[in-house]
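Those sequence lines, one after another, are chains A and B.
Here the first sequence is numbered in the working numbering, starting from 1 and rising by one per residue.
Here the second sequence is numbered in the working numbering, starting from 1001 and rising by one per residue.
Heads up, some of the hints might be wrong.
[Said to hold, decoys possible] Computed spacing ranges between beta-carbons, pair by pair:
#, chain 1, residue 1, chain 2, residue 2, range
1, A, Arg284, B, Leu1104, 40 to 48 Å
2, B, Glu1201, A, Lys106, 51 to 59 Å
3, A, Val204, B, Tyr1022, 41 to 49 Å
4, B, Tyr1022, A, Ser99, 40 to 48 Å
5, A, Ile101, B, Tyr1022, 32 to 40 Å
6, B, Asp1161, A, Lys254, 48 to 56 Å
7, B, His1199, A, Lys254, 53 to 61 Å
8, B, Asp1161, A, Tyr110, 24 to 32 Å
9, A, Ile136, B, Asp1105, 51 to 59 Å
10, A, Glu76, B, Leu1047, 51 to 59 Å
11, B, Asp1105, A, Arg272, 38 to 46 Å
12, A, Val204, B, Pro1100, 20 to 28 Å
13, A, Gly208, B, Pro1100, 27 to 35 Å
For the record, the hints were derived by calculation from the structure and aren't laboratory data.
Where is the CB? At the ideal position from N, CA and C, for every residue including glycine.
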Amino acid sequence: MKVVYYPGCTVKSTAIRYEKATIGVLKSFDIDTIEVENWTCCGVVYNLAVDSVAYTVAPLRNLIRAQETARRNETEKIILTLCSMCNHTLRQAERRYKSDIDGASKLRKYMDDEPEYKGGMRIMHLLEVLNEFIGIDGLKRHVKEHLKGMKVATFYGCLLLRPRGIGVDDPEDPTIMEDILISIGADPVDYPYRNECCGSYSVVRTPGVVWDRVLEITKAALRAGARAFVTTCPLCAFNLEEGQKYRSRELRGKFLPVFYISELIAYALGRREYIEDCVLAQIRRLLGEDV
Amino acid sequence: MRSAEKKKEKGKAQGKRVVTIYFMGKKYEVPEGLTILKALEYLGYRLIRGVGCRGGFCGACTTVYRKHGDYRLYVGLACQTPVEDGMYLTQIPFVPAEKPRYDLDKISPSQSVVMALFPEIARCIACNTCTKVCPQDLQVMDAIQAILRGDLAKAARMVFDCVSCGSCTLRCPAEIQHFYVFQLVRRIYGKYIAPKAKHLEKRVKEIEEGKYEEELNKLIKGGPDLWRELAEKAQTGEEVIVE
Chain A
1 MKVVYYPGCT VKSTAIRYEK ATIGVLKSFD IDTIEVENWT CCGVVYNLAV
51 DSVAYTVAPL RNLIRAQETA RRNETEKIIL TLCSMCNHTL RQAERRYKSD
101 IDGASKLRKY MDDEPEYKGG MRIMHLLEVL NEFIGIDGLK RHVKEHLKGM
151 KVATFYGCLL LRPRGIGVDD PEDPTIMEDI LISIGADPVD YPYRNECCGS
201 YSVVRTPGVV WDRVLEITKA ALRAGARAFV TTCPLCAFNL EEGQKYRSRE
251 LRGKFLPVFY ISELIAYALG RREYIEDCVL AQIRRLLGED V
Chain B
1001 MRSAEKKKEK GKAQGKRVVT IYFMGKKYEV PEGLTILKAL EYLGYRLIRG
1051 VGCRGGFCGA CTTVYRKHGD YRLYVGLACQ TPVEDGMYLT QIPFVPAEKP
1101 RYDLDKISPS QSVVMALFPE IARCIACNTC TKVCPQDLQV MDAIQAILRG
1151 DLAKAARMVF DCVSCGSCTL RCPAEIQHFY VFQLVRRIYG KYIAPKAKHL
1201 EKRVKEIEEG KYEEELNKLI KGGPDLWREL AEKAQTGEEV IVE
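One chain only, chain A, in its complex shape (with noise of 0.2 Å):
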């Protein structure tokens, strides 16, 4: 099958990595990913403001350009999100284009110099692409290399399960990623941190508050048992690392290396070349092979 795909700007600067490891699995479960043409950000954050028509058309646009896209190439009619950020605020936008319709009209005049929006498109969250279209049972079909119970801790942050109905699963006990990650013979552990905000772009203006809310995660998921950080948020995984680096006193020099799920995933297939070497050569360590 193929799918529109819409990076966002995160994905295609610090987080390439994420990119390269999900297009390969994807590719090796035969989903072909078409990339939006001529995507702009996607308007960040998504302003809850009822008025605030402005902030609409960034997301909007991109709707309208996927939607574009997938006509042309003739791919079902799914947007595949690889960031939180960019997965809320692409489905806030959708939500409020079919229900507001005093919004609605105002956008599509202002937004003229653009084809109509004609709705309908689904944006998925690659989890839930993993998971509907591939399902556990395809997964476990396909490994290869057990990933011998690494102990793990899935990071969800905030934006990727929030508000209930536009997140991916249930905002207080999420069980997707960890779904996955057992499927691919990783054990993840359960800590308190989970499902909670990473610090998000305080890390802009207010490093320090991001650092110590990092320095706690950490603490929690140390204390759990693990041995790693699975994400699928390029930001999340930001703060993750660089806050650890800041807090690496008082965490006495203990570090969880980050991983997106889609490179634990292409190592337990035994796609090897989607992986970074340095990522790759952490994941074995962890494994216990010699590096």
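Following the hints, position chain B against chain A.
Okay, now just chain B, sitting in the frame of chain A:
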């Protein structure tokens, strides 16, 4: 008879249609088919600013206008845009923007350099107003977005035809100074990203090694008579060799 009416009569006498335009609110009639620039000069305006190459390259003659019965604001280069009946227009001779200073030899070809010099580009909300207003029909917003995701090469190629008229910069709700941003990405592209022109390097080396010294000296010594003779020969298409 007022001069405008005289001119209208003159236009009619020549069998040309006239159109009505409003320049800074004042009504004028000018022959159809003139560019805005020529129409203004036809009306007796002597343009000192807001005019340049007259060939659509320099970007000095930005004109904003509206048309009868159309709410859109249009921008065109006065030297390239023909007058239309019912056009409301004015010249924008200068766009205020701060020219940043940087040493191209000392910067790295990365997105963070552009962001450091122009942090306001992160304020882009993808409204596309810049693209709608560009007289060169560039995908201005898409270029800013390409920079935001770190694709400087794509951005530089998209804005190759920018004439720095500054219309986008005046209209942008995020107050981005597009034409200076684009100048920077084109410079970065030219210096660090685009493939080097091997034939140019070879020719420069030849010049430095003095391959053409002898011929040039002969030319200098030969004076105007020789130059004229060679020029005439060149015009016939013959190969010119300095004896």
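Consistency of the hints with the structure:
1. A/Arg284 - B/Leu1104: 40 to 48 Å: 43 Å, holds
2. B/Glu1201 - A/Lys106: 51 to 59 Å: With Cβ atoms ~56 Å apart, the hint holds.
3. A/Val204 - B/Tyr1022: 41 to 49 Å: Holds, at about 48 Å.
4. B/Tyr1022 - A/Ser99: 40 to 48 Å: 44 Å, holds
5. A/Ile101 - B/Tyr1022: 32 to 40 Å: 39 Å, holds
6. B/Asp1161 - A/Lys254: 48 to 56 Å: Once the Cβ atoms are compared, 55 Å apart, the range 48 to 56 Å for A/Lys254 and B/Asp1161 holds.
7. B/His1199 - A/Lys254: 53 to 61 Å: Roughly 58 Å apart at Cβ, these two residues keep to the hinted range, so it holds.
8. B/Asp1161 - A/Tyr110: 24 to 32 Å: 27 Å Cβ-Cβ, so the 24 to 32 Å window holds.
9. A/Ile136 - B/Asp1105: 51 to 59 Å: 56 Å, holds
10. A/Glu76 - B/Leu1047: 51 to 59 Å: 57 Å, holds
11. B/Asp1105 - A/Arg272: 38 to 46 Å: 41 Å, holds
12. A/Val204 - B/Pro1100: 20 to 28 Å: The hinted range 20 to 28 Å holds for A/Val204 and B/Pro1100, with Cβ atoms some 22 Å apart.
13. A/Gly208 - B/Pro1100: 27 to 35 Å: With a Cβ separation near 31 Å, A/Gly208 and B/Pro1100 satisfy 27 to 35 Å, so the hint holds.
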